[in-house]
Every structure is written in structure tokens, then in C-alpha cells.
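These are the residues of each chain, in order.
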Amino acid sequence: MPGGPPPLSEGSAIRKFLKSRGSSARTDRVFGGVMLVCAMAIFGIVGLILFELIMRSRLSIAKFGISFFFTQAWDPVTGAFGALPFIYGTLVSSFLGLLIAVPLAIGVAIFLTEMCPQFLRGPLAFLTELLAAIPSVVYGLWAVFVLVPILRTDVNPLLARVFGWTGFFGGPNYGIGMLAAGVILAIMILPVISSLTREVMISVPHSQREAVLALGATRWEMIRMGVLRNARIGIVGSIILGLGRALGETMAVTMVIGNRPEIARSLFAPGYSMASVIANEFSEASDDLYLSALVEIGLALFLVTIVVNALARVLVWAVTRGAPARVA
Amino acid sequence: MATSVYKTGTYNRISRQIADHAASVLAVLSTVIVVAPLVAIFAYLIYKGASSLNVAFFTQVPRPVGEAGGGMANAIAGSGLLLLIGSVLGVPIGIGGGIFLAEFGRGTRLANAVRFTADVLNGVPSIVMGIAVYSLIVLPQKHFSAFSGGIALGIMMIPTITRTTEEMLLMVPNSIREAALGLGLPNWRSVLSITLRTASPGVITGCMLAFARVAGETAPLLFTAFGNQFWSANLDQPIAALPLQIFVYAISPYDEWHRLAWAGALVLIVLIVISVALVRFVTSRGVLKGTS
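As they're listed, the protein sequences go chains A and B.
If you read the first sequence in my numbering, its first letter stands for residue 2, the second for the next number, and so on.
If you read the second sequence in my numbering, its first letter stands for residue 171, the second for the next number, and so on.
Source of the hints: derived by calculation from the structure; they are not laboratory data.
Glycine residues also receive a C-beta, built at the ideal position from the N, C-alpha and C atoms.
One should not assume that every hint holds.
Unchecked claim - Covered by chain A, per the in silico footprint, the following chain B stretches (three or more residues, Cβ under 8 Å):
(1) 269 to 277
(2) 281 to 290
(3) 400 to 408
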């Protein structure tokens with residue numbers, strides 16, 4: 002569990018006296034209690050979400066059991082539900098996103114911390130922050146009308162020609178599909194990964210850099226040995242955090258992934274993700290079992306992102322422990 | 171590997187320098203690649219959105235399919251109403267949680283657990299929040315409502331506000347707290363009027379960040395606020411929201427609606443960028459810098 006700031010200890014005897022004296026002690030206790038309740042609300046929210054998800058998915062859990070996650074069937078008419086295509090779609094699109102985003106994000110972080118001229122630092126950091134502030138639905142809109150046509154007419158034919166033999170880039174080329182989802186996810190998680198990586202790299206002490214440089218290393222060797230090696234745990238943490246973001250991303254993915262519950266080898270083929278099946282079908286789920294199956298997918302998504310985020314937080318915290326607090 | 175540093179010779183030096191330059195070029199290149207889509211998105215948004223923005227967009231409700239014109243006035247108002255409900259719920263609870271972490275629970279195990287949970291909750295997909303609020307409020311009520319949408323947004327604001335409030339309060343020096351207590355203020359008064367007040371620019375910043383974040387949320391509204399083609403001020407009924415409307419229009423097959431989607435996206439982005447820029451302005455002006 003991450004350690005917080007040091008307790009308010011200085012002059013505690015005087016403080017205690019000042020706080021405990023007079024007629025306001027009761028009001029103080031009430032006030033402290035109210036603040037405690039507010040803080041507890043955060044546990045309450047997590048508990049409530051978990052409770053509601055479990056209650057609403059009981060039907061599906063009881064009917065399908067563990068095989069729910071290994072079955073490919075998704076047919077609301079006959080009442081056959083299996084989450085495998087959605088899990089596959091979520092995993093493949095997220096890993097595709099990471100594959101594209103991670104090298105770029107680390108490159109940006111290196112540029113911003115180690116080689117960027119001072120006057121560019123602020124604007125560039127602001128730009129990447131803006132990238133994080135764009136709503137998912139706007140990314141989706143852009144992807145549908147700009148990214149997908151580019152992929153369809155330029156990128157996909159090229160990929161098919163060069164890597165067609167692998168089988169990952171074949172079949173009909175609609176533009177929308179797993180690859181489009183991966184690319185838009187990469188754009189969306191880039192700012193998360195790069196800003197955290199930057200933070201971790203900044204917290205590497207300067208003496209490390211100076212020591213490596215003093216041995217006669219070039220700048221790249223200094224970055225590789227002095228900075229990246231020291232920061233690697235934190236960088237892994239930020240990548241996992243980006244993964245968590247990618248797993249739960251809904252709107253942009255829904256708009257470009259193609260929404261077909263199939264497992265296909267080709268990345269051009271349309272797929273489906275856990276979040277997007279919920280977004281598309283939740284409000285039209287007609288019978289209880291259908292609804293329950295969708296909620297169970299939501300439950301799985303919730304638990305996975307909780308674990309992924311917790312892991313990432315612990316890793317990032319382990320590295321940036323000594324760094325000063327900052328806004329967002 | 172570390173041993174390479176100790177090698178000597180011209181070949182070795184040249185190869186190391188080549189690696190150095192290659193790494194620099196790659197870092198610059200990746201920055202360019204990252205900035206490019208951002209510029210592309212903004213440029214395209216302004217190009218497509220600005221030409222579709224007009225007075226009707228801000229004053230009229232959507233027209234039926236096939237009729238030209240119409241606007242998103244109801245969606246803009248609906249978004250405002252949803253954000254208002256969200257803020258009324260999220261801001262006090264969020265700030266209260268932050269006060270607890272910084273002033274009462276500092277250093278305790280409980281506070282660490284709350285902080286950790288808030289960070290993790292921040293990463294929970296918004297669609298999961300949507301399902302939870304749906305099954306908590308919409309299902310028992312049997313109909314979609316603005317109220318449930320606002321609650322979903324409010325819940326999502328809480329962890330962000332709590333964490334920023336805590337960090338801002340931590341920057342307030344202890345001597346200020348002691349001075350307040352020494353003057354005879356009761357602790358609750360000292361926390362509210364002195365500590366919180368000193369940190370208020372930062373706390374407001376946190377609230378605005380949370381606000382900007384949920385302003386663009388679509389997924390949790392899909393099955394809580396649900397959307398509406400008409401004016402509605404009834405909190406118990408479905409209501410339109412800007413991101414929701416953009417989504418519906420974007421996936422529709424009509425050019426007229428695509429046009430409106432671009433205009434809506436531009437409006438949304440401008441609102442969010444303004445709040446993010448304001449936040450940066452406030453934090454960089456150093457209201458808090460001198461105090462830490």
C-alpha cells in the first residue's frame with residue numbers, strides 16, 4: 002500500500018491542547034466525522050459497483066459458469082452467450098494500441114526530459130495534456146471520418162502487400178476493424194504513458210546522469226544506462242496504466258472496431274470489444290439473461306481494470322515516492 | 171551494456187556516436203509523430219466544425235431526418251444540467267474526502283487505503299459506472315432520467331477531486347494551521363476558512379479538471395440520461411447531452427447529421443480546452459508555488 006505524506010506531527014502537544022480545549026470540541030468531532038464519511042464514500046462507491054454488478058449478473062453466472070469466458074457463441078435469440086470474442090477483441094486491440102504507443106511515448110518522454118530546448122518544453126507538455134483532454138467520442142468521430150479512410154486507401158493495402166504472407170493483414174479491407182481500433186487506442190493512451198514516464202524519468206536523481214556522463218558516455222548511453230534503467234519499474238507501471246485505460250475505452254473503439262462478434266486472424270477484420278458490446282447492446286437487452294450476460298462482461302471488465310490499475314499504481318508509486326506533489 | 175563504455179578505438183567511438191545520433195533522431199521523430207495527430211485532429215475539427223457553426227446550432231433543437239438545419243441547443247443545455255447535478259454531488263464529497271486525507275487521516279493506514287482506492291477508481295472504465303448506476307437507479311425506476319446521468323457523472327468526479335484537494339492542502343504550510351488555532355479558532359473553522367481557503371485556487375483547479383473530464387463522457391450516459399430530441403428540463407426524464415448527441419449523429423448515415431456532429435465536437439473541445447488552459451494558467455501563476 003502506497004505510503005502517504007508524513008503525519009501532522011510538529012508541535013503536536015500544543016496542537017492537541019489547542020484542538021481539545023473549549024466548547025468547540027464537539028463541533029470539531031462532528032466535522033471530522035463528516036469528512037470521514039466523505040472519504041469513506043470512495044470505498045462505498047467501489048463496494049456499490051461491485052455489489053450491483055454481481056447482483057445483476059447472477060443469472061448469467063449461474064447458467065454459464067466459467068465457460069462463459071471460453072465460449073464463442075453470442076446469440077440473443079437462442080439465449081446462447083459467450084464472452085470469448087469480446088475478450089479477444091479487447092485484448093488484441095489493447096495490445097495493438099500498446100505496441101504502437103509505447104515506443105512513441107518513451108521517445109517523447111526522452112525528448113521532453115533530456116533533449117528538449119527549454120522554450121519548447123512547456124508548449125509540448127501542454128499539447129500532450131490536451132491530447133488527454135479530448136473526449137473519447139471526438140476521437141471516435143475523427144477516426145471514423147479521417148483515420149479509417151486513410152487506413153483503407155493507403156495504409157492497409159501497403160500492409161497487405163508487405164506483410165500479407167503472415168495472415169494478419171489479409172482478407173477484405175473495410176478500413177474499420179481491429180487495426181483501426183488499435184491505432185485510435187494508441188493515440189488515446191499515448192499522453193497517459195508519456196506523461197507518467199516523464200514524471201518517473203524526472204525523479205531519477207541528477208547525480209546518476211552526471212556519474213554516467215563522467216565515465217565518458219554519450220548522451221544516448223547516459224539516457225539508457227543512467228535514466229531508463231533506473232526508471233524501468235516506473236515505466237512499466239505507466240505502460241500498465243495505459244493498458245488499463247485501453248481495456249476500458251469505449252466510445253472511440255465502438256465507432257471503429259466494426260462490432261461483429263467474431264474471432265478472425267486478420268487485423269483488418271471487424272471485431273468487438275467488451276466495452277463496446279455493452280455500449281451497443283445494453284439499452285436494448287430485452288430479456289433478463291441477455292442483460293445479465295452483458296453485466297457479467299461489465300463485471301469482468303471492472304475486476305480486470307481494478308487489478309491492472311492497482312498493479313500500475315504500486316509500480317509508479319514505488320519509483321516516484323520522493324517526488325513532490327503536483328496537479329493532475 | 172555497461173562494459174561498452176570502457177572500450178576504446180575509432181570504430182567503437184564512431185558506432186557509439188551513430189547510436190547517439192540515431193537515438194536523438196528517433197526521439198525527435200516520435201515527438202513529431204505524437205504531435206501530428208493532435209494537430210490533425212484540431213485542424214480538421216476547426217475546418218469541419220467552424221463551417222457548420224451558426225446561430226441555429228445554439229438556438230434550435232434537432233430537426234427530423236431529411237430536414238436541413240436544426241441545432242443542438244437542447245444538448246448543450248442538457249449537458250449543462252447533467253454537469254450541474256454531477257458537480258452538486260461530486261464536488262462536496264470530493265473536497266470532503268480530500269480534507270479528510272490531508273487534515274485528519276494524514277499518515278494513517280486508513281488514509282493510505284482511501285488514497286489508493288481513489289487512484290484505482292479513477293481508472294475504472296466509465297461504462298462500468300454507467301452499468302452500476304443503471305442497475306441502481308434506472309432499473310428500479312424503470313425509465314432513463316437526467317438524474318441518473320448526473321449521478322453517474324458525479325461519482326466519476328469524486329476520486330479526481332479528492333486527490334487534487336489532498337495534494338493542494340498538503341502544500342499549505344503547517345504554521346498557517348497553527349497560527350489559526352493559536353488565535354483561538356476551532357479546528358473545523360481553521361480547516362474551512364484558513365487551510366482550505368489558502369489552497370482554494372488549487373482545489374478549484376482540481377474541480378475544473380474533473381469537470382472537464384466528465385464533460386466529454388459519453389459511455390455512462392448511454393443508458394442513464396439516454397438522450398432526447400426535444401427540450402427537457404424534467405430531471406426525471408431522459409435528457410439530451412452534447413457528447414451523446416455527437417455519438418448518435420456520427421454513427422448515423424446522414425450528411426446533415428455528420429455536419430452537426432462536427433460542430434458539436436468543436437463546441438465541446440473549445441469548452442474543454444478553455445478549462446484546461448485556465449487550469450494551467452492558475453497553477454503556473456504560482457498562487458500555490460510560494461507556499462510549498
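Verification of the hints:
For the segment 269 to 277 of chain B, the stated coverage by chain A is satisfied: 9 residues place a CB nearer than 8 Å to a CB of that chain, which reaches the threshold of 3. Counting residues of the segment 281 to 290 of chain B whose C-beta sits closer than 8 Å to any C-beta of chain A gives 10, which meets the bar of three, so the coverage hint holds. Only residues whose beta carbon comes within less than 8 Å of a beta carbon in chain A count, and the segment 400 to 408 of chain B has 0; fewer than three means the coverage is violated.
Hint 3 alone, counting from the list given before, is not met by this structure.
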